[in-house]
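> With the hints as your guide, set chain H onto chain V.
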Amino acid sequence: QKEVEQNSGPLSVPEGAIASLNCTYSDRGSQSFFWYRQYSGKSPELIMFIYSNGDKEDGRFTAQLNKASQYVSLLIRDSQPSDSATYLCAATTGGFKTIFGAGTRLFVKA
Amino acid sequence: DVKVTQSSRYLVKRTGEKVFLECVQDMDHENMFWYRQDPGLGLRLIYFSYDVKMKEKGDIPEGYSVSREKKERFSLILESASTNQTSMYLCASSLGLAANTGELFFGEGSRLTVL
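Protein chains in written order, with the numbering used here: chain V, 61 to 170; chain H, 15 to 129.
Only chain V is shown next, with the shape it has when bound in the complex (with noise of 0.2 Å):
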């Protein structure tokens, strides 16, 4: 069965710190990678998506993937009490199938 793992955590960061979370896939035919928040009691929300080797930025979130080692990571910079939350690594294949890692837990202390 194709994979996706995370650490589930909990990962505490000190507010300001930076938040390093990873995620490993086994298809490599998978495409595009993606990260999603979810705050306790809500459905995740898109926060990057990655298809090319190497970083992407947006603000304060960097995305980087290397698909030589299948490996996909999320970084955030400058942490917030309000990034914590529960972080979910997906990959898509074939075109749309979209399978999730179990997800991450960040805490971000104040």
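List of simulated lysine-lysine pairs, BS3-like, C-alpha gap at most 27 Å:
| id | chain 1 | residue 1 | chain 2 | residue 2 |
| --- | --- | --- | --- | --- |
| 1 | H | Lys17 | V | Lys102 |
| 2 | H | Lys71 | H | Lys84 |
| 3 | H | Lys17 | H | Lys69 |
| 4 | H | Lys84 | V | Lys157 |
| 5 | H | Lys17 | H | Lys71 |
| 6 | H | Lys85 | V | Lys157 |
| 7 | V | Lys102 | H | Lys71 |
| 8 | V | Lys102 | V | Lys169 |
| 9 | H | Lys85 | H | Lys32 |
| 10 | H | Lys67 | H | Lys85 |
| 11 | H | Lys17 | V | Lys157 |
| 12 | H | Lys27 | V | Lys102 |
| 13 | V | Lys157 | H | Lys71 |
| 14 | V | Lys157 | H | Lys67 |
| 15 | V | Lys157 | H | Lys69 |
| 16 | H | Lys69 | H | Lys27 |
| 17 | V | Lys127 | V | Lys116 |
| 18 | V | Lys102 | H | Lys85 |
Bear in mind the hints are in silico, worked out from the structure with no lab data behind them.
Computed from a predicted structure; not experimentally measured.
Coordinates of chain H only, in the frame set by chain V:
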């Protein structure tokens, strides 16, 4: 604004009952999905559909069926509910292949309890 609406936020059913979960999207999206979310297991794909009347099994289709008679509506059916189907069910949609980032838009979820 993109909107995915799930008809029921909370349901309580008895073992053996037939359960319908309805999902409607208003973005003219091609693809629709049903996931279930359980603590420690994340989102697991039950079924998805890339066109009207088309459906594909996801990773955990056993005990479920789906129906997509119209583009905007995707229904999840539990023919005979069991206690291990107690879960949060999330519907999502995305654009078709053309110009598609693959972003999923989620509904608010339906929390099903089977007694």
